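Undergrad: Residue strings, one per chain:
2 protein chains.
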Amino acid sequence: MLVIKVGGGKELDIDAIVADIVALRQAEQALILVHGGAETTNEVAEALGHPPQFITSESGYESRRTDRRALEIFEMVYCGQINKMWVEKLQQAGVDAVGMSGLDGRIFEGKRKDKLRVRVNGRRLVLRDDWTGTVERVNTDLLRLLLDAGYLPVLTPPGASDSGEAINVDGDRAAAMVAAAFQAEALVILSNVPGLLRNFPDESTLIREIPRTRADDFMQFAAGRMKKKVMGAVEAVAAGVRQVIFADGRVEHPIRRALDGQGTQIG
Amino acid sequence: MLVIKVGGGKELDIDAIVADIVALRQAEQALILVHGGAETTNEVAEALGHPPQFITSESGYESRRTDRRALEIFEMVYCGQINKMWVEKLQQAGVDAVGMSGLDGRIFEGKRKDKLRVRVNGRRLVLRDDWTGTVERVNTDLLRLLLDAGYLPVLTPPGASDSGEAINVDGDRAAAMVAAAFQAEALVILSNVPGLLRNFPDESTLIREIPRTRADDFMQFAAGRMKKKVMGAVEAVAAGVRQVIFADGRVEHPIRRALDGQGTQIG
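Line by line, the protein sequences give chains U and A.
For the first sequence, the numbering used here begins at 1 and goes up steadily by one.
For the second sequence, the numbering used here begins at 1 and goes up steadily by one.
Hints were generated in silico from the structure; no laboratory data involved.
Among the clues, some could well be false.
To be verified - Derived list of chain U stretches under chain A, where covered just means 3 residues or more per stretch with a C-beta under 8 Å from a C-beta of chain A:
#1 101-110
#2 160-170
Said to hold, decoys possible - DEER-style ranges, computed between Cβ atoms:
#3 Thr134/A to Thr205/U: 51 to 57 Å
#4 Ala23/A to Val126/U: 34 to 40 Å
#5 Glu28/A to Gln183/U: 35 to 41 Å
#6 Ser163/A to Ala47/U: 30 to 36 Å
#7 Thr134/A to Asp15/U: 25 to 31 Å
#8 Ser59/U to Ala93/A: 31 to 37 Å
#9 Gly261/A to Ala23/U: 53 to 59 Å
#10 Gln183/U to Pro201/A: 56 to 62 Å
#11 Ala47/U to Glu39/A: 15 to 21 Å
#12 Asp162/A to Gly224/U: 41 to 47 Å
#13 Glu136/U to Asp217/A: 55 to 61 Å
#14 Leu48/A to Arg128/U: 26 to 32 Å
#15 Thr140/A to Ala23/U: 29 to 35 Å
#16 Arg128/U to Pro201/A: 39 to 45 Å
Predicted model, so just to flag it, every value in this text is computed and none were measured.
No residue lacks a Cβ here, since even glycine has one placed at the ideal position from N, Cα and C.
Whenever a hint applies, use it, and build me the whole structure from the sequences.
TA: What follows is the structure, given as structure tokens:
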């Protein structure tokens with residue numbers, strides 16, 4: 001099993017990613033696609049008069065403030081606009097894609113953080129009207145059912161809480177959980193950088209290899225949204241995924257290059 | 001098999017519909033839910049600066065002008081906001097719902113009208129940049145796979161063209177095709193009217209029964225969006241669906257009432 005995670009950034013070469021997926025499926029490689037959509041969500045939230053807000057957890061991670069209206073806009077973009085864009089591109093290329101969120105069939109299931117302890121401008125706050133959580137279980141039965149019937153699952157946040165609420169979950173960590181659940185050969189995380197950079201955004205400082213035993217040490221080089229990607233990678237290798245690759249999604253043959261050794265290879 | 005179609009109108013009693021679905025599933029009734037979203041799509045399109053436009057075909061049917069941006073907004077609302085709202089409500093009520101569009105796995109497949117002959121203010125026009133079509137086939141294999149595994153499919157437009165493009169298809173007629181494909185006992189179409197009215201909007205003029213052989217004659221009473229609902233009903237009974245019921249989705253036990261003989265019963 002190969003799990004491909006694509007960001008929501010606009011610089012990604014979507015047609016190149018689709019072409020690689022077609023080739024991999026022709027070679028009978030089992031795969032699952034997981035995508036994000038943060039950039040477009042910010043724009044749509046702005047346009048709909050509910051601008052994005054970000055909060056910092058006490059442990060220093062930044063995440064989207066997800067009240068009910070933000071959740072609705074999140075679902076519009078992730079599950080509507082972007083999920084169906086991927087499914088349409090894949091269907092047009094002859095891949096029988098089925099797009100679902102982590103809420104559907106509880107594919108990504110976990111706990112809602114019903115009290116979110118955060119810092120806003122240095123002040124401590126407890127938010128109770130936030131729909132955010134962490135994936136703890138993956139519904140591999142449903143995914144296997146689809147894979148065995150020849151479909152390509154195209155997955156996206158949100159996930160489902162234990163009580164069935166929609167929760168905003170991190171897409172990179174969700175992809176890591178999927179890879180772990182299937183004991184995947186590789187999790188390929190494509191974004192608009194060539195990999196993990198020692199001095200972000202200087203692309204000449206690409207870190208080429210990270211031994212699995214030392215993945216934790218490299219957290220120091222992860223800036224901004226890269227933090228959760230590295231956290232997902234650390235979790236994935238700890239859970240038995242053979243290899244996690246951060247690679248460039250803006251180039252020709254982005255998946256093939258990643259599998260051929262480009263980008264940052266962890267494992 | 002029971003196919004339930006719910007409109008996208010805001011007056012629907014969603015919790016009452018969910019409660020009836022829970023009861024039907026407990027009674028081991030096989031069912032599929034299909035929903036719309038036109039009203040909210042109009043609002044979001046307006047808010048995003050791409051106001052809805054409607055066109056009239058040469059045969060007199062009104063439909064949404066669906067250029068690429070309108071299609072994207074359509075997908076945001078139907079597949080994102082409204083589909084996930086239904087899935088979340090159902091998951092919270094203990095129903096393992098899986099939301100998909102007709103594009104996913106080509107559940108609703110048909111022809112894109114690549115040249116759309118329309119009248120705009122009396123003038124004839126041919127539109128070539130419109131993504132509209134009609135459902136001709138239903139992927140019952142994928143739906144059966146999910147049903148047999150205990151999931152409730154929650155379906156919504158768009159559909160897929162033969163070449164995999166997303167196409168705006170009418171939700172009522174798509175639901176009729178699903179009911180026909182499964183030779184359903186009943187197709188229940190819930191909206192914000194008590195059924196087909198002889199003098200719309202006078203609710204005291206409800207038509208209680210339409211014999212299947214005379215369904216065509218009743219087209220004259222269908223105003224506006226009701227036209228396609230009646231057309232779907234005519235197609236469904238012709239294709240072997242035992243009964244089509246137009247019923248009120250704003251009341252307690254809307255599905256049970258419909259099955260107990262309320263609304264307009266065709267068949």
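Undergrad: Of all the hints numbered above, which does this structure not satisfy? Sort the numbers upward.
TA: none
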